[in-house]
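Fit chains H and Z to the known structure of chain B by using the hints.
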Amino acid sequence: MHLDHTHDTTPAALGADARRPDGARRALRIGLGGPVGSGKTATVAALCRALREELSLAVVTNDIYTCEDAEFLLREAVLPPERITAVETGACPHTAIRDDISANLEAVEDLEDEVGPLDLILVESGGDNLTATFSKGLVDAQIFVIDVAGGDDIPRKGGPGVTTADLLVVNKTDLAPYVGSDLDRMAADAKAQRAELPVVFQSLRTGSGVQDVAAWVRAQLAAWTA
Amino acid sequence: MSRAALLMLADGRFPAGGHAHSGGAEAAVKAGRITGAADLEEFCRGRLHTAGLVAASLAAAAVLRVPVRELDAAADARTPSPALRVAARKLGRQLMRAARAAWPSQELDAVAREFPKGAHQPVVLGVVARAAGLGASDAAHCAVYESVSGAAGAVVRLLSLDPFDASGVLARLAPEVDRVADLAVEAGRGAVVEGVGALPAASAPLLEIGAEVHAGWGVRLFAS
Amino acid sequence: MTVSGVRASARIVARADGRGGTALPVLEGEGPLALRRTRGSGGEARVMLVGAMSGPLGGDEFAVRAAVESGARLRVGSAAATIALPGQSKGAARYDVRLDVADGAELHWMPEQLISAQGSDLYVTTRVVLGTGARLVLREEQVLGRADEQPGRLTSRLTVCIEGRTLLDQELSCGPGAPSGWDGPAVLGGCRAVGQLVVVRPEFGAGAVAGAVGEGVAIMPLGGPAVLVSAVAADGLRLRRALDEALACLG
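Residue numbers (the UniProt record's numbering), protein chains in the order written: chain B, 1 to 226; chain H, 1 to 224; chain Z, 1 to 251.
One chain only, chain B, in its complex shape (with noise of 0.2 Å):
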C-alpha cells in the first residue's frame, strides 16, 4: 500500500468535496451575511471567543471596500493572525460569496494547508442587502444575522436571506425598546416566512450574547463529524 499515493496524483479540491485531496475531513464552513451593520463581524469575533479554546478555527472576511472586518478581529485578537484571511471582492460582496466564489474557496483551502487541521472556518460576507446569499459550493451552512434597529418588518419583508438561511439571527435585542421594535412581531412574521427553521434571538452586550449561536455551531459541527 502506498498511503500517499493519493496525496501525489490528486489535483486540488473542485469544490465543496467533503474531503480534502489527502482523503482527510476538511473543516466545516460556516457562512455568516447580513445587511450592513447588523453584528456579522461582533458575532464572528464573540464565536471565535466562544469556541477557539474547544475547536481549531479560522475565518475568512468579504469586506465590500477594506480588510476591516479583518483588522477588527485582528485588533481585538480574537484568533491569531494567520487564522484570518481577507479576500477582496471587487465592490460586489454577494458576486464573491455566490456567483464566483472561487477566491474564496482558495481562502478557505489555503487556511486548512497552512494552519490546519481546523475544525471550523467563518466565512464572513461584507454587509449586503437582503438577497445576498451563501453558495452551497462555500458553505455548508449559513447564519443570516440582522438586528432589530435595521427595522422590525424585515423579517415580514423575507427575502432569500431572512428566508433560506440555516440560522436566522435577530440582533441587538437590546436597543428594541429605543428603536421602537417590537420583538414579539419580528418572531412571528420570522417563523412564518422560515416555518421550521431556528431564529435566535440575541444581544452581544447582555444576557447569553453569543451561547445561543455558539451552541447552534456545535450542533451543527456535530452532524458534519458524524
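Some clues are possibly wrong.
Derived list of chain Z stretches under chain H, where covered just means 3 residues or more per stretch with a C-beta under 8 Å from a C-beta of chain H [to be verified]:
1) 135 to 144
2) 167 to 175
Quick partial rundown of chain Z residues pointing at chain H, CB under 7 Å, derived from the structure [claimed, not checked]:
3) Gly42
4) Pro179
5) Pro185
6) Gly189
Some but not every residue of chain Z turned toward chain H, in silico, with C-beta under 7 Å [unchecked claim]:
7) Gly77
8) Ala80
9) Ser180
10) Ala186
11) Val187
12) Val194
If you are wondering where the hints come from, they were derived from the structure by calculation, not from laboratory data. Even glycine gets a Cβ: it sits at the ideal position worked out from N, Cα and C.
Same frame as chain B, but now just chains H and Z:
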C-alpha cells in the same frame, strides 16, 4: 471547435475570479489618470498592446503545446511587479478550478497538480481552451478581450461611469482586439519553433508601478 | 542613390589580474563607439563610452559587447547622452548591447540617457547574461524628444538571464508609429522620461528585497536574486533623481 465553449470562457460570469480584479484601473482612477470614458479608452488601448498582447501570446502558445512550465517562467519574466505575479497566479488557480469542473480532462488535472498555487492565468487559459476544444485564435481572442473588459467593468463601478459608454469603448476597440489576437497567434506559432524567448514582451511601466502602489493600500475595492 | 548607415562596434573584456585588480585585455571601439579607460578605484576597472559622432542615425547599426570574466569588476559609463537622430537612409537604426557577467564577476553599466529626437527611429536591445553569484547594476534611461520636441520612434528590449534562466524580459515601444496607447494612462501617461535599473546581488535571494514605492517609481523584486526599479517622470532630470533615490534605498 465549439463556439459556445468560447462564449462561456469569455463570459464575465464564468466563475474564475475576474470580477475582483480591475486590470490596474483602480490605481489609475485613484491617481487621476482615468476620469471618464475617453481616458478609459486610451487606458484600454495601452493594455491591449502591452499586457493584452503578452497574455494572448502566452495563451496561444499554450494551446499550441509549448510546455506550460516554460510559458509560466516566460510570464514571470514579463511581469516584474510581484503584485501582478501574485494576481496572475491567483487568477490562474481560480480559472483552473472552474475549468476542471466545466471541461474535466487529465491534462488540466496534471497542470493543477504541477502548480497547486496556480500558474499564470493566460497560460492556464491556453490549456483550458484546448481542453474545451478551442484553438489558439480562440484563446488569444479571449485573453485580449479580458485584458480590456475587466478594466472597463471596474471603471463602471469605480467612477459610476455610464455602462453604455463603457460598452461603446469596448465596441470601438473591437477591430484592434482582433488585430492584437492575430499578432498573438503568430507569436504563439513563433514560440513553437523558436522557444518562449520569441514571445512578445511589451511592457507598460505605469501598469507595473501602479500595481505596486495599489498593493500597498490598506483600503481598496479590487484585488489588483 | 541609396545611402547605407554606419556600422560600428565596441568590445570590452574585463579580467581579474590576479592581484585584486581588473585588467582590460580587450578594449576596442571605433567611430561613434570610441572607448577610453579612466581611473578606476579598488579592484574595479572603469571605461567611458566616448561618442565621437552624434548618432545613431537612421540605418546605423551599433553593437557593444562587454564580457566581465570571473572575479573581475567593471564599471562602464558614457561621456554624454546618446541622441537618436533621423538619418539619410531609410529604415530604423539598431543599437545592440550584449553584456556577459561571469560567475562572481561584477558590472556597473551606467550610461547616460538615450534621447529619442523627432523623426528618429531606433531599435535597442540589451541582453545581459549572468553567471552564479554575479553582481550587476544596470541603468537604462530614455528621454522622449529634446526640449519642446516630439519624440522619435523608439523600441527598447531588455533581457536579463541568470544561470540560464530568463529573469526579466521587457520591451517598451513609444513614439509615432508605436502601437497606440503608448502615451496613455496605462503606459506612460504623458511622461517624457522612462527608465529602469536592474540590480542583481546574490544576497538578495529569491524575492528577499521588499518592494518599496514612490511617486512614479517602484522597486520590484524579481523571481531571483534581483530587483527591477521602474520609473517614469516628466523629464530626464526627475527620472535620474528617482532612480538615484531608489538605488540608495537598496543600500
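How the hints compare with the structure:
1. 135 to 144: It is violated, with 0 qualifying residues against the three required.
2. 167 to 175: holds (count 7)
3. Gly42: For Gly42 of chain Z, the interface hint is violated, since the closest Cβ of chain H sits about 31 Å away, which is over 7 Å.
4. Pro179: holds (4 Å)
5. Pro185: holds (4 Å)
6. Gly189: holds (5 Å)
7. Gly77: Because about 24 Å separates Gly77 of chain Z from the closest Cβ in chain H, which is outside the 7 Å limit, the hint is violated.
8. Ala80: violated (25 Å)
9. Ser180: Since the shortest Cβ distance to chain H is 5 Å, the answer is holds.
10. Ala186: holds (3 Å)
11. Val187: With a closest approach of 4 Å, the Val187 of chain Z hint holds.
12. Val194: Val194 of chain Z check passes; min Cβ-Cβ to chain H is 6 Å, inside 7 Å.
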